[in-house]
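S.K.: Those sequence lines, one after another, are chains U and F.
Every position in the first sequence, counted from 1, becomes a number in the numbering used here once 2 is added.
Every position in the second sequence, counted from 1, becomes a number in the numbering used here once 2 is added.
Hints listed in this document are in silico derivations from the structure and should not be mistaken for laboratory results.
Check each hint, because a few of them may be wrong.
If several chains are the same, the list does not tell them apart, and a pair holds so long as it fits within one copy or across any two.
Unchecked claim - Pairs of lysine-lysine residues, derived as DSS-like cross-links and limited to a Cα-Cα distance of at most 30 Å, are as follows:
id : residue 1 : residue 2
1  : K29       : K452
2  : K72       : K9
3  : K200      : K72
4  : K424      : K452
5  : K29       : K6
6  : K72       : K304
7  : K60       : K72
What you are looking at is a predicted structure, and each value in this text was computed from that prediction instead of being measured.
2 protein chains.
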Amino acid sequence: MADKYIKVQAISGFGEYLPGEQIAFDKMRSLIEQVYRRYGFSPLETPAVERWEILTAKGGIERQIYSVGKPESMDSSQIELGLRFDLTVPLARFVAQYAGALTFPFRRYQIQPVWRGERPQQGRFRQFYQADIDIIGSGDLDPIYEAEILCVINDAFDSMEGVPEIKIHVSNRKILTGLCVDFGIAARAGELLREVDKAQRDGNRAVIAAIGEMLGQDEPTGFRETLEQLLDAVGSGLEELTELLEGRTQALDGVEELREVYEAAVKLGVPANRLVLDPTIARGLDYYTGTVYETFVQGYDKWGSICSGGRYDDLAGYFTTQRYPGVGVSIGLTRLVDLLMKNGMLETGRKSTADVLVTMQDRDRFLDRYLEIARGLRSAGVNTEVFPEDRRLMKQLGYGGRIGIPLAVIAGGDEFERGVAKVKNLETREEREIRLEELTEGIRGMLREKTQGV
Amino acid sequence: MADKYIKVQAISGFGEYLPGEQIAFDKMRSLIEQVYRRYGFSPLETPAVERWEILTAKGGIERQIYSVGKPESMDSSQIELGLRFDLTVPLARFVAQYAGALTFPFRRYQIQPVWRGERPQQGRFRQFYQADIDIIGSGDLDPIYEAEILCVINDAFDSMEGVPEIKIHVSNRKILTGLCVDFGIAARAGELLREVDKAQRDGNRAVIAAIGEMLGQDEPTGFRETLEQLLDAVGSGLEELTELLEGRTQALDGVEELREVYEAAVKLGVPANRLVLDPTIARGLDYYTGTVYETFVQGYDKWGSICSGGRYDDLAGYFTTQRYPGVGVSIGLTRLVDLLMKNGMLETGRKSTADVLVTMQDRDRFLDRYLEIARGLRSAGVNTEVFPEDRRLMKQLGYGGRIGIPLAVIAGGDEFERGVAKVKNLETREEREIRLEELTEGIRGMLREKTQGV
């Protein structure tokens, strides 16, 4: 008999939430979405699958991509498919494909899951949500957008209750690539930046040592010292960076660009103490060409960056001759929610979307009245559930309490005769009697008090 | 050179929307979600992939399932995966897996894409959204929920502007299965109902003929005549059905259950003229055991049902001994949106989420002021985009108009000196001058006028 039933169990790395957690996740997602829309970004969704050759155009990630096999029922078409591993490749493909129908600058947000064959660990999943924004120009794109993105990130995290203070680390990739030019090793810039990108994980000392080994006899005099000073300059001011790089004209160009973005962001309302100038931010991908961002929750650096991105000069270079420069960031939504949940910073006790539970006594006599109450509440925009079974009142209230419904309406023969209903706060146990014709208004008032924490 | 670029093209059956269409889709999704929440349903999301043995537990659909292959990087685990083809199988698995952590009746909604290897055609896609609700009991479930579901469907479609009148066809599967019992052919009920399910597509005559052939010599006297009268009784009243089935006691039990649900639904506020009693609704799946629903947009029957479901007695029978009866429906969201878009019934001209475009003149002098205006609007909840490049005003307004932003703020040296800004309605070309300190209020007023169609 035992094997009559198919065993149900989780698939490692593919998380799912219980109702209270899902409600908390949805709230975070919707807060982010609201801020994205506040800045006029338009929604985009792309299919979960892309052609294999699109996903692998850039290379380097093939080994992490889930392939998707055609169902038996389908003709033997030659298209090979895979699940997307980020939202940038689909965006590049989308822009190249529909450029003629889009208006540039194209401001899009996209909040969807992606899939990667990674080893699941703290903050890493095989299916996880990203919440991306990008502003794409056709041909060119004003640098002021690089400051606007900082402003959006700042507002997004400001909108979230319960999230500890964040720090947005910002740099400009031209500081490091410029430094390589200044020292005559421009050709090594790519590998060097990939090495610097490990600084957060491995520490500056280890990175400097690795770079010494990497360059060997090619290492220009004074290069390592300058680089080390630069990497140690995390959190310093623009003046210090300028001083430190005196005479390194290419690197200083990068500092100047960083200054422009930094000053504009502060003007746009980003608190200066939330911005950290951080020359170690290299972003491993060659793709980025200017400003780069990474964001950390204070006290939780080990979880890694929860919002990263930057400026790039050529979004869709694998797909079209047309140049689409852009700037964007991606909030690691699943990682962020995981961090907050695991550290008890997200309220998950509310397991129902209902604000009110209408309880029932003597259904045969009063069903119509209960349904009428529910209809009135719903048409006033109050989420309402009716407990439609004629069980003991304690049992009904217990159900409402367990799933976190804030208020219950209680009325029987006596109350209806007197034209009233009781409204019980299932958390505080406080009970009020309200006249039926004022019930909706009364309940809205009690819900308002509750959200205001009165 | 030509093959330096990877060709970008659509994958048949995997649709995606341009910004104006996506905004329209999102609005429909959010209206449905709002109604689901109004009735206290809780959100659920499950991973895109499920174990192959879960997906194929019931059989019959294997040939349409997309398999998912593990990335190269992953160890050779023996788990086989596929993309979900509906939201019911994941729900059944979820309930069996987490029953101990759930409170019953468990009311969940789930709005996610599913994947099927079907031939793409009108209303059929390979990736499409479903918007499901279900109420699951543990052990038993009150039949009144079957009426509540009708009420939710009714409210959901009521909330959508621009959707033509719908008709909800409702029946009870026990009418047909009971009829088989009454005629002593209970064992044939399953195949017979699958045949009746084709009535909408093939017509009653063809179905009756096929059933005659199917039963052959086993056909009881009078069976075909009764069945034919029954199938022809679409849209008739409960009394006619009762009369027609006189003496067929089992079938009449089904009619009585239907009466109960119908009358409760009307009490709950569903307009009687929107409900069609339709004994041809059999729903091919054996899974359903009581009330069944299908919903059609009037004048667009050819698109098929856009919202179907019913009552079932055993949700998770493949996974657990515990009985979970339930009732639910699924709105075919992608199909519905496709129907509305293809027939010009959905507004898709709004390609931006921004309500206001702040234009710019003489950026070097006034940048701060433009950014201040934008900040004020945003913190008042007005979605605002700043056109941050110092281009010709006509060009800026042209951009705003093209992506459907309703209002533009226009101010230069002259306006700032007088402490005012112009606000232009980009559709009507109407222009107002508003004092800067009243700008946010003025703009909110203009936006309200617009939504009220003034």
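S.K.: One pair to classify: K72 and K9, alpha carbons no more than 30 Å apart. Within, between, both, or neither?
M.R.: both (26 Å within a copy, 21 Å between copies)
S.K.: When no copy is specified for K72 and K304, does a C-alpha distance of 30 Å or less occur within a copy, between copies, both, or neither?
M.R.: between (40 Å within a copy, 28 Å between copies)
S.K.: Should K424 paired with K452 be assigned to within, between, both, or neither, using CA atoms and 30 Å as the limit?
M.R.: Close inside one copy (17 Å), not across copies (41 Å); limit 30 Å.
S.K.: At 30 Å max between alpha carbons, let me know whether K200 reaches K72 within a copy, between copies, both or neither.
M.R.: The answer is between: 28 Å across copies meets 30 Å, while 39 Å in one copy does not.
S.K.: Within a copy, between copies, both or neither: which one fits K29 and K6 at a CA-CA cutoff of 30 Å?
M.R.: For K29 and K6, the Cα distance exceeds 30 Å both inside one copy (40 Å) and across copies (44 Å).
S.K.: Between K60 and K72, at a C-alpha cutoff of 30 Å, which is it: within one copy, between copies, both, or neither?
M.R.: both (24 Å within a copy, 20 Å between copies)
S.K.: Is it within a copy, between copies, both, or neither that the alpha carbon of K29 lies no farther than 30 Å from that of K452?
M.R.: both (17 Å within a copy, 29 Å between copies)
In this structure, only the earlier hint numbered 5 is contradicted, and the remaining ones agree with it.
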